[in-house]
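I would like the entire structure built from these sequences, with the hints used as guidance.
From first to last, the protein sequence lines stand for chains A and B. Okay, so the first sequence: first residue is 1 according to our numbering, each after it adds one. Okay, so the second sequence: first residue is 117 according to our numbering, each after it adds one.
Everything labelled a hint here was simulated from the structure, so no lab data went into it. If you're wondering where the values come from, they're calculated on a predicted model, not measured in any experiment. Don't take each hint at face value.
Claimed, not checked - Taking lysine-lysine and the PhoX-like style, the derived pairs with C-alpha atoms no more than 20 Å apart in a straight line are:
#1 B/K185 <-> B/K165
#2 B/K218 <-> A/K36
#3 B/K165 <-> B/K212
#4 A/K22 <-> A/K41
#5 A/K41 <-> B/K185
#6 A/K18 <-> A/K36
What the hints assert, rightly or not - To give an idea of the chain A side of the interface with chain B (calculated C-beta under 10 Å), a few residues:
#7 G14
#8 N17
#9 R112
Claimed, not checked - To give an idea of the chain A side of the interface with chain B (calculated C-beta under 10 Å), a few residues:
#10 V4
#11 T7
#12 G101
#13 G110
Note that CB positions come from ideal geometry on N, CA and C, so glycine has one too.
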Amino acid sequence: ETGVTQTPRHLVMGMTNKKSLKCEQHLGHNAMYWYKQSAKKPLELMFVYSLEERVENNSVPSRFSPECPNSSHLFLHLHTLQPEDSALYLCASSQAPGLAGTDTQYFGPGTRLTVL
Amino acid sequence: AQSVTQLDSQVPVFEEAPVELRCNYSSSVSVYLFWYVQYPNQGLQLLLKYLSGSTLVKGINGFEAEFNKSQTSFHLRKPSVHISDTAEYFCAVTRKGGATNKLIFGTGTLLAVQP
Chain A
1 ETGVTQTPRH LVMGMTNKKS LKCEQHLGHN AMYWYKQSAK KPLELMFVYS
51 LEERVENNSV PSRFSPECPN SSHLFLHLHT LQPEDSALYL CASSQAPGLA
101 GTDTQYFGPG TRLTVL
Chain B
117 AQSVTQLDSQ VPVFEEAPVE LRCNYSSSVS VYLFWYVQYP NQGLQLLLKY
167 LSGSTLVKGI NGFEAEFNKS QTSFHLRKPS VHISDTAEYF CAVTRKGGAT
217 NKLIFGTGTL LAVQP
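Here you go:
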């Protein structure tokens, strides 16, 4: 595998379910990100991890819980979601732990989440 | 705070014609500028970025963009498009020296290339 991979690619869940999204980067990067992409809206940054520490939580509801066990893996744990949480969830990674703003972010293909 | 405006939600164009996708930004501080492309069922891929130096930036797949500080614009251009360029294009900015490499995206422009 190369680049950034995400599993599953599609997920349908009920509002009472608990599920997790997984992201893995094979680029040797030190920073990882979760974004939410909804129709007709800009991509929204949700969380940023640098060297496995959370450095940004962009006012995300607590029903979304991120986890970064090591620099290659990032999870997004989901529980008691709402239908408006249906979206494409994108993971990205970048090289520098200092997060200087110049680094390119490399994106995975996303998980299409539908909440019924 | 920063914001990005992509006024055109969709741009139809015939194959081999030139195209320009518009991007304007607002920021009280200096920013870096990016264009990303998203092909159907795929993640975003970097086309090009402006960090400093020459205001004309060349990217992959024959695309280029010009940074205009006075007009706070970063329009994307290609002199001759192909069917394979059909995709959604996102302009983004990040604050210079920011603490978290936070990208602020526009709403995207769908480039629809017709034969």
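For B/K185 and B/K165, compute the direct alpha-carbon distance and say whether it is at most 20 Å. holds, 15 Å
Does the nearest C-beta of chain B fall within a distance shorter than 10 Å of the C-beta of A/R112? holds, 9 Å
Does A/G101 pass the interface check with chain B, least Cβ-Cβ distance below 10 Å? holds, 5 Å
Any CB of chain B closer than 10 Å to the CB of A/N17? Given a least distance of 24 Å, the restraint on A/N17 is violated.
Below or equal to 20 Å on CA atoms is what counts here, so check A/K41 against B/K185. It is violated: about 26 Å lies between the C-alpha atoms, which goes past 20 Å.
Taken at face value, is the distance from the CA of B/K212 to the CA of B/K165 at most 20 Å? holds, 13 Å
Was the hint right that A/T7 lines chain B, CB cutoff 10 Å? violated, 13 Å
Interface hint check: A/V4, Cβ to nearest Cβ on chain B, cutoff 10 Å. Holds or violated? holds, 7 Å
Does the interface hint hold: is A/G110 within less than 10 Å of chain B, judged Cβ to Cβ? Holds: closest Cβ of chain B sits about 6 Å from A/G110, inside 10 Å.
Given the hint that A/K22 pairs with A/K41, test it: the Cα-Cα distance must not exceed 20 Å. violated, 23 Å
Please work out if A/K18 and A/K36 have their alpha carbons no farther apart than 20 Å. Roughly 18 Å separates the two Cα atoms, so the pair holds.
Hint consistency between B/K218 and A/K36 [alpha-carbon to alpha-carbon, up to 20 Å]: Holds, at roughly 14 Å.
Hint violations for this structure: numbers 4, 5, 7, 8 and 11, all remaining hints satisfied.
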